[in-house]
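K.L.:
Sequence:
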Amino acid sequence: MLLKVDEKGRILIPRALREKLGIGRLVRARVEEGRIVIEPVGDPLELLERAVVKGTEDVEREIGELRRIAEAELRKLAEELPST
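Reading the sequence shown from the start, the letters are residues 1 to 84 in my numbering.
Because the hints were derived from the structure by calculation, they are not lab data.
Misleading hints may appear alongside valid ones.
[Said to hold, decoys possible] Ranges between beta-carbon positions, derived for each pair: (1) 61 / 28: 29 to 39 Å; (2) 3 / 42: 31 to 41 Å; (3) 18 / 59: 31 to 41 Å; (4) 19 / 51: 17 to 27 Å.
All residues carry an ideal CB built from backbone N, CA and C; glycine is no exception.
Build out the structure end to end from the sequences listed, making use of the hints.
P.N.:
In structure tokens:
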């Protein structure tokens, strides 16, 4: 595939190629053996957002588990109370 370099040195990566390689808004470029290698890099904000959402789900799961444990302990304590 041939790509043009514009007067400012920019290269446009065709949409089909970007989609195929999962290229978003950020790429890493390096020179390797006289060639330019361009690799997709996850958007740091998207990665952070996913981590926060995952973290939130983990916290909610932990809260639910702690609630179940607390309810079981309360039931056990209630059963141990003397009847009046």
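K.L.:
Going back to the hint list, which numbers does this structure go against?
P.N.:
Result: hint 2 breaks, nothing else.
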